[in-house]
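Read off the chains here:
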Amino acid sequence: MLRIGKLPIAVFALFIIAFPWIAHKIPPIENYTDIMIFAGIYCLITLGLSLLMGYAGQISIGHAAFYGIGAYTSAILTANYGFNPWLCMFFGMIVTAAVAVLVGAPSLKLRGHYLAMATLAFGIIVYIVFNEETAWTGGPDGMTGIPGLSLLGFAFDSVDRYYYLVWIFVFAAFIFTANLIQSDTGRALRAIHASETAAGAMGVDISGHKLLVFVYSAVLASLAGSLYAHYLNFINPSTFDLFFSIKLLIMIALGGMYNLWGAIIGAGLITFLSYEWLHYFEEFEVIVYGAILLLVTIFLPKGLAGTPEIVKTWFRK
Amino acid sequence: MNFIGEDNILEVNRVNMAFGGLMALSYLSFKVKRGMIKAVIGPNGAGKTTLFNIITGSFPPTEGSIIFKGMPVERLKAHKIAHRGISRTFQTVELFDNMTVLENVMLGCHTCIRTSFLASGLRLPMARKKEAQIREKAMKILKFIGLADKFKDPADSLPLGEQKILEIGRALAGDPELICLDEPAAGLNETETYVASSLIRAINAKGITVLLVEHDMKVIMNISDEIVVLNYGQKIAEGSPREIQNNARVIEAYLGSGS
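The listed protein sequences correspond, in order, to chains B and S.
Once you know that position 100 of the first sequence is 99 in numbering that gives the first Met the number 0, the rest is easy, because the numbers rise by one and skip nothing.
Once you know that position 208 of the second sequence is 207 in numbering that gives the first Met the number 0, the rest is easy, because the numbers rise by one and skip nothing.
Derived by calculation from the structure, the hints in this document are not laboratory data.
Among the clues, some could well be false.
[What the hints assert, rightly or not] Lysine-lysine pairs mimicking DSS-like chemistry, simulated, CA-CA at most 30 Å apart:
no., chain 1, residue 1, chain 2, residue 2
1, S, Lys149, B, Lys301
2, S, Lys76, B, Lys108
3, S, Lys79, B, Lys5
4, S, Lys136, B, Lys311
5, B, Lys5, S, Lys217
6, S, Lys79, S, Lys136
7, B, Lys5, S, Lys136
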């Protein structure tokens with residue numbers, strides 16, 4: 000649960016580096032690099048969320064809103080005011096952090112799942128704002144003309160280039176999060192998860208730590224939103240609706256929330272399911288998600304990342 | 000007894016605690032001198048654990064004050080009180096069962112050595128150095144409590160006796176000045192009880208004041224310098240073990256007036 004081995008990270012890094020090259024060679028999966036960009040963007044969100052759910056034991060049903068705040072901050076400031084996109088990305092993260100403190104602080108002072116309620120309401124409000132504040136957000140039609148990203152004259156203007164950019168962010172976030180888990184902060188979070196009473200008595204600021212993780216996960220979602228906006232050059236509110244928040248929870252549940260790899264596996268699988276493999280089901284897609292969630296909670300409470308453990312205990316028997 | 004200074008490290012002043020209509024504690028007052036082992040005894044439901052929960056900040060008292068090192072602490076949250084220097088163990092073991100023995104003690108160091116969010120996430124040299132310090136300190140404590148060889152084991156795999164000892168170790172890791180032990184010998188066999196009592200003595204010998212709730216009279220009479228007796232939330236006696244043993248009200252509370 001705790002140790003993140005160096006070998007799996009290296010293998011995974013190689014896979015990510017080689018992926019576009021392999022995809023180009025095999026015509027049926029040529030478009031998979033494009034999908035992997037979205038998978039990477041979702042990974043950024045699920046990494047933070049799995050820390051929040053698996054370690055701090057809190058549920059957020061409003062991360063689509065933070066994702067949206069990041070995307071719209073980037074979109075509005077670059078498309079309407081011509082600011083530097085990187086600056087806007089950073090600014091979006093600061094705005095999101097401030098909003099997350101406002102939403103999280105009151106509800107995280109209480110024990111229980113008040114954060115879930117607060118974020119549910121918050122997500123709906125933000126979604127309405129995106130739809131109704133037409134002057135700023137373009138309303139339901141969305142916003143166009145969001146510039147792409149470039150750094151020192153190097154433009155991330157092809158699918159492959161953007162792919163590597165996104166996955167560099169994912170790796171940075173993964174390693175930062177893994178370091179965090181293996182530090183004093185991570186121990187405090189696991190302590191809170193095991194026994195709030197004992198953690199408090201040992202000097203762990205319970206609401207402070209929960210808020211810290213909540214803000215961290217919101218900031219990662221904001222970063223993901225900015226990356227999304229600059230990739231598609233177009234956003235509209237429907238991307239940031241309640242269903243997306245729930246989809247994020249399905250990703251975490253499927254991958255497993257007690258292991259950072261779970262965040263990656265879950266985000267990757269659900270992205271491919273929804274972009275590629277579930278088209279066959281058309282509007283019944285939602286039912287498939289429901290079935291996945293149901294089956295995972297019954298048979299794999301620790302998600303797919305928990306299966307090696309299950310197999311190990313099988314062999315010991 | 001050789002007390003380090005004669006000041007009172009802890010003062011419980013007219014503390015009242017009402018749960019609905021139930022008076023768990025009523026106008027309870029006593030003092031704990033720095034460096035002593037003070038025991039709180041009383042029949043079941045006398046309010047001992049409630050008292051501990053108030054001192055360590057689980058909830059504030061309805062009335063009254065708790066003065067620790069001259070400062071009122073009764074309205075502070077648990078983690079703030081821990082940082083002031085009060086640590087505790089629990090009547091029913093509250094170890095972090097998702098961690099190893101070592102990690103439990105390392106978490107106990109939270110009050111004295113901490114790294115910032117950014118430093119830990121970026122794994123800055125400063126954070127690594129502190130992590131090594133925490134580990135070293137935790138190992139030292141494990142050696143002191145005699146669990147060093149089990150440092151890698153999951154905490155919940157230990158037998159109850161060792162779990163109780165580990166809880167004491169975890170409480171020690173934060174360098175407390177006052178340690179509150181809630182029934183450290185409950186559920187232990189004779190050997191384990193002996194180990195626990197010697198450990199409490201050893202802790203006290205380091206200059207840490209001990210406040211102790213215990214049912215095992217042998218332990219109480221052997222190790223405590225002073226005893227407070229509670230019954231139905233009220234103090235019915237206070238004094239040395241010898242005084243308490245001969246106190247008529249105490250005998251009555253424990254055995255009933257008929258005997």
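Comparing the hints with the structure gives:
1. S:Lys149 with B:Lys301: At roughly 27 Å apart (the allowed maximum being 30 Å), Lys301 (chain B) and Lys149 (chain S) satisfy the hint.
2. S:Lys76 with B:Lys108: holds, 11 Å
3. S:Lys79 with B:Lys5: Since the Cα atoms of Lys79 (chain S) and Lys5 (chain B) sit roughly 37 Å apart, the hinted pair is violated (cutoff 30 Å).
4. S:Lys136 with B:Lys311: violated, 34 Å
5. B:Lys5 with S:Lys217: violated, 53 Å
6. S:Lys79 with S:Lys136: holds, 22 Å
7. B:Lys5 with S:Lys136: holds, 27 Å
The structure fails hints 3, 4, 5 (numbered hints given earlier, in ascending order).
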